[in-house]
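Add chains C and B to chain D, keeping to what the hints say.
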Amino acid sequence: MTLPLVQINNLSLRYGNFVALDDISIDFMPGTCVVICGPSGSGKSSLLRCVNRLEDFGTGDVIFDGQSLKSAHNISKIRSNIGMVFQHFELYPHLSVMNNITLAPRYVNGINRDEAEAKAHKLLERVGILDQANKYPDELSGGQQQRAAIARALALEPKLMLFDEPTSALDPEMISEVLQVMRDLARNGMTMLVVTHEMGFARDVADEVVFMDKGKVIERNASGKFFDNPQSDRAKEFIDRVLQKI
Amino acid sequence: MNYEFDWSLLLEEPNWSWVIEGIANTIQLSLVAWGCALVLGVLIGAIRMSRSRTLRFIGTTYVEIFRNIPLLVQLFLWFFVFPLLLPDDLMRAWNRLDGVPFLTALIGLSLFTAARIAEQIRSGISSIPKGQFLAAYSTGLTEVQTFRHVIIPYAFRVMIPAIASEFLTIFKNSALTLTIGVAEVTGAAKTIEAYTFRGIEAYSAASLTYMLTTASVVIFMGWLEHALRIPGLIGKR
Amino acid sequence: MDFSVINDNIEFLMLGLMRSFQLAIFTIVLSLTIACFIAIGRVSSKRSIRYPSAIFVNLLRSNPLILIVFWFFFLVPLITGKTLPEFHTVLIAFVVFFAAYFAEIVRSGIQSVGSSQVKAALSTGLTYSQSMRLIVLPQALRNMLPALVTECVIVFQGTTIAYVIGMREFLHSTSLVAERTVRPVELYLFAALVYLVICFTGTRLALFLEKNKELAR
Chain D
1 MTLPLVQINN LSLRYGNFVA LDDISIDFMP GTCVVICGPS GSGKSSLLRC
51 VNRLEDFGTG DVIFDGQSLK SAHNISKIRS NIGMVFQHFE LYPHLSVMNN
101 ITLAPRYVNG INRDEAEAKA HKLLERVGIL DQANKYPDEL SGGQQQRAAI
151 ARALALEPKL MLFDEPTSAL DPEMISEVLQ VMRDLARNGM TMLVVTHEMG
201 FARDVADEVV FMDKGKVIER NASGKFFDNP QSDRAKEFID RVLQKI
Chain C
247 MNYEFDWSLL LEEPNWSWVI EGIANTIQLS LVAWGCALVL GVLIGAIRMS
297 RSRTLRFIGT TYVEIFRNIP LLVQLFLWFF VFPLLLPDDL MRAWNRLDGV
347 PFLTALIGLS LFTAARIAEQ IRSGISSIPK GQFLAAYSTG LTEVQTFRHV
397 IIPYAFRVMI PAIASEFLTI FKNSALTLTI GVAEVTGAAK TIEAYTFRGI
447 EAYSAASLTY MLTTASVVIF MGWLEHALRI PGLIGKR
Chain B
484 MDFSVINDNI EFLMLGLMRS FQLAIFTIVL SLTIACFIAI GRVSSKRSIR
534 YPSAIFVNLL RSNPLILIVF WFFFLVPLIT GKTLPEFHTV LIAFVVFFAA
584 YFAEIVRSGI QSVGSSQVKA ALSTGLTYSQ SMRLIVLPQA LRNMLPALVT
634 ECVIVFQGTT IAYVIGMREF LHSTSLVAER TVRPVELYLF AALVYLVICF
684 TGTRLALFLE KNKELAR
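Chains as they are written, first to last, in this note's numbering: chain D, 1 to 246; chain C, 247 to 483; chain B, 484 to 700.
Only chain D is shown next, with the shape it has when bound in the complex (with noise of 0.2 angstroms):
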């Protein structure tokens, strides 16, 4: 029997007043790619930022690949486990491409430069942007800087990968490519928890899909499921909303 790569238990978070999560508990097994939807405040960033701590939660515990993210030690050490993906790309400024993805494996994990050159040089090839190698994130395009955040975030071979609306900060043209590069991501296997807006993405690649709405989960099913024949009154309003409006 496969354990859950990833286990919420009872999990819950406040902004002052504002509950963003209230009492979640979910798994996500490995190999599997999730889509996450829901109304804006819904509490889904929220959830996803929990994965790898970066949001400190108030009750409750994220486990990952066995390991209590609630006690953990050395948090960093699970974080580079984990990749994230941004919405607004955050690659860093003053670095070039090949420099922001070599930065981590370089510090974090201590490989050589060389090497972590070597297999940034083979990342960027698999996302279609050798070329721009060795520029600076401001020369580039949206969609080639979102899969250079991609590129980044692969380096460390992450067992799971975080995509946090990888696509609302992006012009529609460019929308696609990087679409793609999550496409091949999840046919090859990797374990992806993804918010998004992007419902085509959703029934195509996801294997399931997670509804919430005011922090808490209203409904997963498998994705053509979830389209096809929605449980929830709320998450049927949702998908009639989101497609109506493509």
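These are calculated hints, taken from the structure and not from any lab test.
Stretches of chain C that chain B covers, calculated by requiring three or more beta carbons in the stretch to come under 8 angstroms of a beta carbon on chain B:
no., region
1, 308-321
2, 325-335
3, 429-436
4, 443-451
The beta carbon of each residue, even a glycine, is placed where N, CA and C say it ideally should be.
Same frame as chain D, now just chains C and B:
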């Protein structure tokens, strides 16, 4: 207006020596004070971002006091008041020192400018998007590594223009030290004017010093910006 | 220490403080007015306007205030042929000097409002002057208000420089009393405290406006 120019008088003694000494003093004073202010300013800037509430309070108090009292008043405090507050034997030792005006000017300028630099550092660091921290932490960098490899190099480049312009500010502010007897270039010009009634020539010499320095720093900054070549970072603010 | 010396001379000192305020307020009003014209000149499309404004601004910004004051004390009698009261001469020097600084603030305020705002306003049928008055200027003013307040604090701090030519502003009054009573410690500490309170209030106001500006976004 009838005024006969006589530029050659600047080359006559003792005027020439005064001007040269003035320029030397201005440059020396500004450079040393700038260096001191930079070290102290970075320190106070760091204190203001520390986790300890007490340290933060000390840092903020320092900045508020030193930037809200006019520099001239601060110079007077150091020159007239500070020695009187020393114990007797220390005060006598202080008064026996060579170049008390220069030393006083150095202290006053450094402490005043440190407050401004500390403020620049804080706003430089807080201008860094929060996502940069998250991105660095998400790849497993520790807090120290994040500051060392991501935040400080970023902040440093964002702040270069501000720190260079602080040098120009200290350079101009050093003129105020003529009031406590430092023979810097504005004071030299004033002295020449008083002796010769040749204000235009005398003040031109001083103005030229300031303008040439400003121009050199601006040109140097342009070069530096090019040398550090990070598209979209410097000059974005 | 004996702070009764301050109480004994409070009237004389406050007279000096009033003089400082007077100089600061006249300077701010006059130099800000001139600065608006220079700022518009700085963003003008005509070189014959843009270059002189740029030279004016950069010339003054690269010189210390105290030197500018010396310049004017020499030039004003030379040009007018008579000696003006020292307050007027100092005021002229201050207005010219700070006009350059205010001009830069006003210019960046104008430039902070994107040209697409003008286009948006024009597209709704507003005339050019209407869109300037109703759309661009309110935003520009809000954006530059904190910097303007900070500069006003700097003007007030700058009034101490009038001490150098013997104008009886607050610092000069303080030094006169300090000499007469031989109580420099009490008097200079008192002066420092007064300046601190006034300028601290000003910088806090600037900070408040800055925060407000961010909230309004």
